[in-house]
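Student: One letter stands for each residue in the lines below.
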Amino acid sequence: MKEIFKALGNVVIKMPQGFYVTFKHLFKKPVTLDYPRKKKPMAPRYRGKHYLERYDDGTERCVCCGLCAAACPADAIYMEPEETEKGERKARVYEINLLRCIFCGFCEEACPEEAIFLGQEYEFSADDRNKFIWTKEDMLVPHPRKDNPFKKILRRVRKVYGTPEATR
Amino acid sequence: MAIEEKDLHINMGPQHPSTHGVLRVELNVDGETVVRAKPVIGYLHTGIEKTMESKLYYKAIPCTDRMDYLAPMSNNLGYCLAVEKLMDIEVPDKVKWARVCLAELTRLNSHLVWLGTHALDLGAMSMLLYAFREREMILDIYEACAGQRMMSTYIRIGGLAKELPSDFDKRVRQIIKEIPDRIDDYETLLTNNQIFINRTKNVAVISAEDAINWSLSGPMLRGSGIKHDLRKDNPYSGYENFDFEVPIGRNGDAYDRYLIRLEEMRQSLRIIEQCLDGMPEGPFRAHVPGVVLPPKEDVLHKMESMIFHFKIITEGFPAPKGAVYAGIESPKGELGFYIQGDGSNKPARVRVRPPSFINLAALPALTEGHLFSDVVCAIGSIDIVLGEVDR
Ligand code: SF4
Ligand code: SF4
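Chains A and B, in that order, give the protein sequences.
Each residue of the first sequence is one higher than the one before, counting from 1 in my numbering.
Each residue of the second sequence is one higher than the one before, counting from 1001 in my numbering.
Hints were generated in silico from the structure; no laboratory data involved.
Just to be clear, a hint being listed does not mean it is correct.
[Stated by the list, open to error] With a cut-off of at most 16 Å between alpha-carbon atoms, the simulated EDC-like pairs for lysine to aspartate or glutamate come out as follows: (1) LYS14(A) to ASP1184(B); (2) LYS1055(B) to ASP75(A); (3) LYS1201(B) to ASP75(A).
Could you put the whole structure together from the sequences, leaning on the hints where they help?
Tutor: This is how it looks when you write it as C-alpha cells:
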C-alpha cells in the first residue's frame, strides 16, 4: 500500500516538476547553430587545414627538412627537396594526404622553421579522391597577403609551445 | 539453463541504436525471458595495441585517443603515466594539477554522454539534448586547450602539449557555476520519474561478490557497494591532495549506478574547483633533455635544444628494459596500460586493460533469466564504448 502511495505521489507531484523543466526550455534561446549559414568561430589553436607560411619578403619558410614527415604518426606527408638560385633548400614537392592525416598537430609542433601551421578551416569535402591530396600550391599562403596576421601567429606559437621561462 | 529448440534466437545489433556502437548480442529468448545472452565483439577492431607497438613512444599518443573517444584525456593520461613510470620521469606540480583538472572534466564529459544516451534508450528524449548541450561547454575547453574537440592528444610524455590557454580558468569556472543547476534539472527529470524508476530499479542487478568475481570496476563495482576507487586507493598524478567522496550504491542495480554517476559528476566539480584554486605556477613540461621536447623558443635559437628536438622527433628515445603497469580511474572504471620496454625506441608490448571490455563481459550475468526488454537497460548501464572494447 505504501509503495502504491509513493508511486502515486511520484506521478502526481514529481512528474509535473519534470514537465516544468522541459516546458521552461520552450522560452530559452536555442543553443544550436543554423550551420551552413552561420558558423562557429573556431578556437585560435584549432587544428584544421594546414597552411605553409612565407617570410615577409615572400620566400617560403619551409626548407624541406623532413621533420614534420618524421613526426607524422599517420605518414601523411611527402616531400622532395630542390635548390633555389641562391643555393637555399626548399621543397619542390610538398604534399599532405588528407585521407591519412589525423590532424594531430605533430607537424606544427615539430617544424623548426615555423613553416607549417594547422589553420581554422574544416570543410574538406570533395568529389574526387585526388582532390584530397593537398599540394604545396594549395597550402602556401598568398603573397603579398592583405592582412598579415603572421607575426601574431608566431608570437602565439612560441607562447603556446613554450618560452624558456615557461618550461624551466 | 539449457538451450532448447523452442528458444528463439535473436541477433541484437550490430546496427542497433541502443547498443552504443557496433555491439552484437546473440540472444536466446524463451517468450519474454532471456535464456542466454552472448556479446559478440570485434566489429570495430583496429589493432590499436599492435599499432602502438610499431610506433615511437610519443607517436602512440594519438592512438590512445581513439579507444575511448568519449574520454580522450583519461586515455592520454593513462598512457603517459605508464611511459613516465618506465622512463622514471617526475612531472612538475602544475602539470599534475592541470592533468587532474582535465581528467575530471573528461569524467563529466563521459558521464554526460552516458546519461543522455542511457535515458534516450529508456525513452527520455530530451535528456539527450540537455546532456549534449552541457557537454558542448567541455568540448569547447578541449578545443581551446588542444585544438580538437574529441581527439585531443593534449597530454604528452613529461607534461602537456601546449601551455594552458589564458582563459582556461575563466571557462572552467563557468562550468563549475552552471553545471550543478543542470544536474539538479536532470534529477528532477529522472530520479523520481516513475517510468525511469520502473525501468531501472532492480534491473541488471549484480551482487557485490559477483562484481568482484567478474573483476568489474568503476561505477559498475561501486554500484554494488564496494568502495574501490583508484583515485583514493592508489593515488596517481596528485589525487591524494584533493578532497572528495567516493559514492557507493546498495542494490547493485541500474538505478544505483545512475545515482552514483550523478554524484560522481558533483564530486568531479568539487575536484575541479580545488584544482583551479590551488593551481601552482610553473612549467608545463618537465625538463628532461633527450626525452621531453625543449621549448620552441630555444629550438629556434639554441643549438643544443635544436639537436635534442631533432633527435626526439626523428628517433624518439630509448626506454629501459622492463615492464610497467599504470592504472587510472577512467570514467568507466580501471583503465590500465601495461608497457614492456626492450631498450629500443619502440615498446615491445603494449597491453591495455580496458574497463568497458571487462565490464561488458558481465552482460550475461546481468541479463540471463530476466526480461528481454531489460537487455537495453543493462547494456546502457554498463556504459560501454565499443572503440575501447574492440581496440
Ligand atoms: S614544414 Fe617545417 S618541418 Fe616540414 S619540411 Fe618544412 S621546414 Fe621542415
Ligand atoms: S596533422 Fe598529424 S597526421 Fe596530419 S600531417 Fe600533421 S603530423 Fe601528419
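Student: What hint numbers does the structure not satisfy?
Tutor: As far as the earlier hints go, only 3 is violated by this structure.
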